[in-house]
Amino acid sequence: MKDLFRGELVRFTLEEPETSTKAAILWQRDSEFQRLLDNNPVQSNSEKKFREGFEKEAENGFKPERCGFSVRTLAEDRFIGFLSIWLDLIHREAWVGLGIGAREDWSKGYGTDMLKLCQQYVFSELSMKRLSLGLFEYNPRALRSYEKCGFRLEGRTRMDTMREGKRVDSLWMGILREEWLQMQEGEGK
Amino acid sequence: MLDIQTQLFESQDLRLGPIDHEKDPEIESKWTHSSEFMRLMDTEPARPLSAAVIKKQYEKLEKRVEENKNLFHFMVRLKADDRLIGKATIQWIEWTNGNAFLRLGIGLADDWRKGYGTQALKLLLRIAFAELNLFRVSAIVPEYNQAAVALLHKFGFVQEVCRRSALERDGRRWDLYVFGLLRDEWQNRSTG
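If you read the sequences in order, they're chains A and B. Sequential numbering of the first sequence, starting at 1, is according to the working numbering. Sequential numbering of the second sequence, starting at 1001, is according to the working numbering.
Please note that a few of the clues may not be correct.
[Claimed, not checked] In silico BS3-like pairs for lysine-lysine, Cα to Cα no more than 25 Å straight-line:
id, chain 1, residue 1, chain 2, residue 2
1, B, Lys1069, A, Lys49
2, A, Lys116, A, Lys63
3, A, Lys108, A, Lys2
4, B, Lys1056, B, Lys1023
5, B, Lys1079, B, Lys1154
6, B, Lys1114, B, Lys1023
7, B, Lys1079, B, Lys1114
8, A, Lys56, B, Lys1060
9, A, Lys49, B, Lys1063
10, B, Lys1122, B, Lys1154
11, A, Lys63, B, Lys1060
12, B, Lys1063, B, Lys1023
Just so you know, the hints here were simulated from the structure itself, not pulled from any lab data.
Whole structure, please, built from the sequences with the hints as guidance.
This is the structure in structure tokens:
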């Protein structure tokens, strides 16, 4: 059986609440990072608030419809980001959100590797039928990475986001279980 | 001149208004006993709900309105006899982006195909654009809800996203659509 937690460049872990808190405090300083992650107004959250959030997650354990991973590089064993999965257990659809905190770690192929691990987890461990994600027009780097992983663009909600006084689209992508299985066969050859 | 005479809450046959916590639960409870209605309205598993459950839902809803300030909810009644026939919501409002999602349901099959959906959606759009100043509205519709698809097309909504086989019902997969309408598109239509 395959290693679910180890990719080519990164691995999935779960950091201690204190480590996650320290990292989150640093990462949120970069407003670009926050704006790539979400289209809500950027926030400046306290250490206390982050800590309580991570501790609550640790206490309650993860609910069945939610999986959270921390991400470390294989080469230097550095904590670089996170990946979260939300599940619709009835319709067997999963949604993924991910972030790589420090800009030195962007464009290194880590995101692509994280998503490949995520696809493997969602389809071969969680038995989902489809994996979905959303991104913003102003994030072409993410779009390239998602396309590389086999996600198909399924549409754009026109001008649903306003940043810097400009209207931009959100893009929506998805990959079906059969599509992922086909890709696996192609790679096995 | 600013048009404040045109009524926001009234159409030819309908009136949008508040929840009646005494009388409405029993009526909405009846709607939930139609699995067809429940499946058209929601992707959550359909279940019949008692008046007591509906009553609690109303209380939660009003709390959400007060706390989150990103939700407007209306009951749809016939002007003629004040009978409750449906509900209409503008929800998940993102104020900084000017985007929100619409939800609309006419409860009893006997009240379908009478143009009530059209009247209610027209009112809802005017509230969204002329009162809440939204830039666009969205609606999420499963492939099998052809009545909703037709209604949205009638108002000029564009099918923007097709989430392929995102739902499973009756043992097969269905697509889920996201529709969108921009304020400009609405304005050009209502004046034209």
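Hint check results:
1. Among the hinted pairs, B/Lys1069 with A/Lys49 is consistent with the structure: their alpha-carbon atoms are about 22 Å apart, no more than 25 Å.
2. Straight-line distance between C-alpha atoms of A/Lys116 and A/Lys63 comes to about 23 Å, which keeps the hinted pair within the 25 Å bound.
3. A C-alpha spacing of about 24 Å is found between A/Lys108 and A/Lys2, which places the hinted pair at or below 25 Å, so the restraint holds.
4. Straight-line distance between C-alpha atoms of B/Lys1056 and B/Lys1023 comes to about 13 Å, which keeps the hinted pair within the 25 Å bound.
5. For the hint pairing B/Lys1079 with B/Lys1154, the CA-to-CA distance comes to about 24 Å; that is within 25 Å, so the pair holds.
6. For a cut-off of 25 Å, the pair hint linking B/Lys1114 to B/Lys1023 stands: about 24 Å separates their Cα positions.
7. Distance restraint check for B/Lys1079 and B/Lys1114: the Cα-Cα separation of roughly 14 Å lies within the 25 Å cut-off, and the hinted pair is therefore satisfied.
8. For the given pair, A/Lys56 sits about 24 Å from B/Lys1060 by alpha-carbon distance, which is consistent with the 25 Å threshold.
9. Proposed proximity of A/Lys49 and B/Lys1063 is supported: the alpha carbons are some 24 Å apart, at most 25 Å.
10. Only pairs whose Cα atoms come within 25 Å are accepted, and B/Lys1122 paired with B/Lys1154 is accepted, the gap being roughly 11 Å.
11. Simply put, A/Lys63 and B/Lys1060 have alpha-carbon atoms about 23 Å apart, close enough for the 25 Å limit, and the pair holds.
12. Between B/Lys1063 and B/Lys1023 the alpha-carbon distance is near 19 Å, which keeps this suggested pair within the 25 Å criterion.
Taken one by one, the earlier hints all hold for this structure without exception.
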